[in-house]
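Required output: the full structure, derived from the provided sequences and hints.
Each chain, letter by letter, is given below.
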Amino acid sequence: MLLEDRELVRRCLEGDLFSFDELMRRYERKVYSLAFHMLGNPEDAADLAQEAFLKVYRALPAFRGEALFSTWLFRIVTNSCLDGRRRTRRHPPVISLSRPPGTGESEAPAELPDNSGDPLESYLQTEMQEEIQKLLGQLPPPQRLVLVMRDLEGYSYEEIAAALNISLGTVKSRLNRARLRLRDLYLCQAELFSRPLYLKGKGGAGHEL
Amino acid sequence: MNCKQARRLIQENLENSLTAPELSSLRDHLAACPACCREEEELRATLNFIRRALPPALPGSLRQGVLQRIKSEKPAGRIRGFANARRPAVAAAAVLVLLLAGNLLLPVLPVSAPLAEAPAPREQMRTMLQDNEALAVPPRPAAPEESGTLENARLTGKQQVDLRHSSAAQADEAKAANDSRQGRPDFAWRLLLNLLLVPLFIILTWRAVKKGKVV
Numbered sequence: 002m003l004l005e006d007r008e009l010v011r012r013c014l015e016g017d018l019f020s021f022d023e024l025m026r027r028y029e030r031k032v033y034s035l036a037f038h039m040l041g042n043p044e045d046a047a048d049l050a051q052e053a054f055l056k057v058y059r060a061l062p063a064f065r066g067e068a069l070f071s072t073w074l075f076r077i078v079t080n081s082c083l084d085g086r087r088r089t090r091r092h093p094p095v096i097s098l099s100r101p102p103g104t105g106e107s108e109a110p111a112e113l114p115d116n117s118g119d120p121l122e123s124y125l126q127t128e129m130q131e132e133i134q135k136l137l138g139q140l141p142p143p144q145r146l147v148l149v150m151r152d153l154e155g156y157s158y159e160e161i162a163a164a165l166n167i168s169l170g171t172v173k174s175r176l177n178r179a180r181l182r183l184r185d186l187y188l189c190q191a192e193l194f195s196r197p198l199y200l201k202g203k204g205g206a207g208h209e210l
Numbered sequence: 284m285n286c287k288q289a290r291r292l293i294q295e296n297l298e299n300s301l302t303a304p305e306l307s308s309l310r311d312h313l314a315a316c317p318a319c320c321r322e323e324e325e326l327r328a329t330l331n332f333i334r335r336a337l338p339p340a341l342p343g344s345l346r347q348g349v350l351q352r353i354k355s356e357k358p359a360g361r362i363r364g365f366a367n368a369r370r371p372a373v374a375a376a377a378v379l380v381l382l383l384a385g386n387l388l389l390p391v392l393p394v395s396a397p398l399a400e401a402p403a404p405r406e407q408m409r410t411m412l413q414d415n416e417a418l419a420v421p422p423r424p425a426a427p428e429e430s431g432t433l434e435n436a437r438l439t440g441k442q443q444v445d446l447r448h449s450s451a452a453q454a455d456e457a458k459a460a461n462d463s464r465q466g467r468p469d470f471a472w473r474l475l476l477n478l479l480l481v482p483l484f485i486i487l488t489w490r491a492v493k494k495g496k497v498v
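Note that the protein sequences, when read in sequence, are chains A and B.
2 is the number of the first residue of the first sequence in the numbering used here; add one for each residue after it.
284 is the number of the first residue of the second sequence in the numbering used here; add one for each residue after it.
No wet-lab data here; the hints were simulated from the structure.
No experiment lies behind these values; they were computed from the predicted model shown.
Do not rely on the hints blindly, as some may be mistaken.
Label pairs and their in silico Cβ distance ranges [unchecked claim]:
(1) B:Lys287 to A:Lys56: 39 to 45 Å
(2) A:Ser174 to B:Ser308: 19 to 25 Å
(3) B:Arg473 to A:Arg7: 47 to 53 Å
(4) B:Leu337 to A:Asn166: 39 to 45 Å
(5) A:Arg7 to B:Asn299: 31 to 37 Å
(6) A:Leu4 to B:Thr302: 37 to 43 Å
(7) B:Glu356 to A:Thr127: 34 to 40 Å
(8) A:Ser174 to B:Gly343: 37 to 43 Å
(9) A:Pro141 to B:Asn299: 26 to 32 Å
Simulated coverage check for chain B against chain A, where a stretch passes if three residues somewhere in it have a Cβ under 8 Å from a Cβ of chain A [stated by the list, open to error]:
(10) 323–335
(11) 341–353
Every residue, glycine too, gets a C-beta built ideally from N, C-alpha and C.
Below, the structure written as structure tokens:
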């Protein structure tokens, strides 16, 4: 039987860490994904997600249960995303694939994307993901947050309004402005580097690689 | 439909949330307006590009890391967490009590301080209740240090408390001040108290409210 979040929160407050682990398991993907698309690299995203969960745990005694746990959680997460004091790495370090997992820190190996398919395809895929992150990174954080939540992560307007503590109208207008700005950036980038942003189909620009 | 309305519908259409009549009127406008048509295409291309973003691979150690940090700070963790959430509110309440106590008691204390050496005019400034008590013990002109120890034994409980509250410093100051300037030190003390405590109270209340909002 699946326990409700509320019940898990109650057990956490009685000192049951397994319940907190279960709560994290339910939301870690959404939290991490949001953090990743906001910050643009896995290290900062993991830092932010962990700090946000820690904040949640410390603030649990003050959680009054008036809102849903998820609403409350994402309020904390989005606050962390917009926290200007966060330092972020400008150039994301390359993840070492040669270092055997578990030698450095006591970390489980990261889940790697399934690259078993066409190597060219996977190269282009990685390339495109980086381009997307670069583009998103040029948006001002409040606009980026709304756009990521809506257009990448698929949150509803109501969820975004609740998490950011702003009105539905503000969510919509901020989202519209973010899209227009992103459009400008996208066109500008496509002009500057007049190379194909993604290659699909056969022939054509293949020799450029 | 003008272009402004069309731009709004274009945005909404990016999420395919238009009703059939809205959609058909937008199509009519786009067919007639190249600028809006281009905007529609550009926005759609941008969003199509962005939506190719894949969900990132989740690091396996995320939860473990959090649990380890929780365990390492566990001993004081929960109590401190609770205290942290409440601290500004408690502090604000304490400052408020101090503020009230200071403002209500300060006007009373300096007057009752030089009880032993009290001359006639001062008795008029006392409240009725204190007047009665003061009359029960006949005031004698004597140094407060000597008479205080001698008379303590004979004084009633309430007057003992009054004497204890009025510290030696306050008694000295009250003695140093002329009878004509009697109100001044009292006023200065209250001003100082309020200048210190009122901003403190405002800051603490503000922080308590801010903390409450996050929750």
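Hint by hint, here is what the structure shows:
In this structure, Lys287 (chain B) and Lys56 (chain A) meet the distance hint of 39 to 45 Å, their C-beta atoms being roughly 42 Å apart. One distance hint, 19 to 25 Å for the beta-carbon pair Ser174 (chain A) and Ser308 (chain B), holds here, with the actual separation near 22 Å. Checked against the hint of 47 to 53 Å, the pair Arg473 (chain B) and Arg7 (chain A) passes, with Cβ atoms roughly 50 Å apart. Between Leu337 (chain B) and Asn166 (chain A) the CB atoms are about 30 Å apart, so this pair departs from the stated range of 39 to 45 Å.
A hinted range of 31 to 37 Å for the beta carbons of Arg7 (chain A) and Asn299 (chain B) is consistent with their spacing of about 34 Å. The given range of 37 to 43 Å is respected by Leu4 (chain A) and Thr302 (chain B), whose C-beta atoms sit roughly 40 Å from each other. The hint said 34 to 40 Å for the Cβ distance between Glu356 (chain B) and Thr127 (chain A), and at roughly 38 Å that hint holds. As the Cβ distance of Ser174 (chain A) to Gly343 (chain B) is approximately 40 Å, the hint placing it in 37 to 43 Å holds.
In this structure the supplied range 26 to 32 Å holds for Pro141 (chain A) paired with Asn299 (chain B), their Cβ-Cβ distance being about 27 Å. Counting residues of the segment 323–335 of chain B whose CB lies closer than 8 Å to any CB of chain A gives 9, which reaches the minimum of 3, so the coverage claim holds. Figure legend: the segment 341–353 of chain B, annotated as covered by chain A; annotation consistent (12 residues with Cβ-Cβ distances under 8 Å, at least 3 required).
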